[in-house]
Amino acid sequence: MTRWGNYINARIYIPLLTLVSLVACVTSSIPDNYHDPGMDFAALRTIAVMPFGNLTGDKQAGERVRDTFMTALLSSGAVYVVPAGEVARGISKVGVINPTAPSEEEIVKLAIIIKADALITGVIREYGQVRSGTTSANVISLSLQMIEKESKKVVWTASSTKGGISIWDRLFGGGGRPMNEITEAAIDDIINKLFY
Amino acid sequence: MILSINFSIRVFVILFAALICLAGRATTNDSLNIIAVLPVFNLSGKPAPLKDIRQSLINRFKSQGLNILDEENLEKFIVRHRLRYIGGINEATARAFREETGAEAVLITFVELYSDISPPKIALTSRLVSTGNDPEILWMTGIGLAGDDSPGLLELSLIENPETLLEKTVQHLSASLTGYLSGGKAWADNRRARKKFRSKASYRSPVLDADRKYNVAVMPFLNLSDRKYAGEVTALHFVSQLRTHENLTVIEPGQVRQALLEMRIIMDDGISLAGAESVFSKLDADIILTGKVLNYQDYQGLTGKPKVGFSALLIEKKSREIVWSYQSYHEGDEGVWFFDWGKVNTAHSLATEMVQLAVETIFR
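First to last, the protein sequences are chains A and B. Residue numbers for the first sequence follow this note's numbering, beginning at 1 and rising by one. Residue numbers for the second sequence follow this note's numbering, beginning at 1 and rising by one.
Be careful, since some hints might not be right.
What the hints assert, rightly or not - Over the 12 Å line for every Cβ pair with chain A, so calculated as not near, a few chain B residues: (1) Val79; (2) Ala96; (3) Gly183; (4) Arg204; (5) Arg257.
Claimed, not checked - Simulated crosslink set (DSSO-like; lysine-lysine; CA at most 27 Å straight-line): (6) Lys59/A - Lys46/B; (7) Lys318/B - Lys93/A; (8) Lys59/A - Lys228/B; (9) Lys115/A - Lys228/B; (10) Lys115/A - Lys152/A; (11) Lys318/B - Lys109/A; (12) Lys109/A - Lys228/B.
Just so you know, the hints here were simulated from the structure itself, not pulled from any lab data. All residues carry an ideal CB built from backbone N, CA and C; glycine is no exception.
Please work from the sequences and hints to get the whole structure.
This is the structure in structure tokens:
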């Protein structure tokens, strides 16, 4: 009886202990996007994409990513995107001091001039090659936010990171995926977070 | 016996006359008596033998029977009118050309790429524009060749001499032009772009009417690439492809440039709607094409691959909205698995295929 009892106890306790250990290893995931619950996103018809802030070493990164984002947003067919030239005219007319982070007053004035329902601003945090030892690969990391004209509130934020050094890159090299491919992947991810 | 000799002579005379007629049709054109060949415009961003290229073109055209405006008259005209920009002609210049030199068309040629490092690479684009009151693009084609495009077995067909490659390029351009002038279809227009260079990111508004004709003004593209003049080069690719579309009439880029200068339109980040309004009214355009070049990269030598990336959009006059938007990025070795079969060696050839596919989506 004692031997059987020990055997049963071992059969219960070992898997239980393993399960507890595994659960203890799990990290809590912080959501990387936010939707204002009080906002009706279907009411947004026209969106202006402001120049993106660029925290990377590549001077053109902001413009490149913005351009890709604008085409992808327009291609989604859900909203109309104000042409970049018209946004530039609005920025110049209002005299926005920092177009990558406009103030509340500037947002309202700008949105009225270019007839936009909301403005999207963003920051490119990483763009280009990253290195780890002898391995290198392309990476992109960006975060965007949408500010609505009427409420002057941030109604949506999202961030995405794509690329980077994978196990495959470490083992076989190859330099990772092309910059364009990961940019498109990151933007698709961000747009999915906006609509779904 | 006499009867048989007479019959042979008659047949010979008839065949000879037919041959002369055919040759005349192939080499001359009644509607274009004199063509002025402007100095070659260098868009390669690097030194190129512009005089040799122009002379090679002129020699080839003359050998094909085309009547080329003599150097003295052309030089006098250029000096008299202080013609500094040779990448296009505006209405005033076109009128003066017709009145003062008698030239009925002007040939504008661009060097997009010239690399004499083995294997050499050359890309040329030519445009024939009518003179007179309303300059109109009559013919346009571009060709990008690399010495290793078809190296053949054991590289026996590899071209290592840049002059040989230049001759080949000029021969293609001249064949296309004489093909057009003789009423045939230019050979370059028959090339089909490969589907692998299609893009997934595009938008088309229902405002665009496939049954309507539109006048298009092509703006210079904003250049975000490292390549000098990539904006102008990409705009030229669009001009070349848009004019093959039956719904579209492309306004001569020289006129567009003149309008932008007169209206002092500066495009920091693309054209604004106010700027677009002015262009619509000044040029009688229905749609404006503008865009950005993200990448335009050639390579030298044997190893490497060209890369081209651009975005383009159309703004329509009535709706004042973007009615078409397209983005594309490709590399020359896409879909190539064995021995470089199917590899594209110049950014020109890659961009030609990408732009052709882009233009096809406008009315689809």
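_Please list, smallest to largest, the hint numbers that this structure does not respect._
Hints 4, 9, 12 not satisfied by this model.
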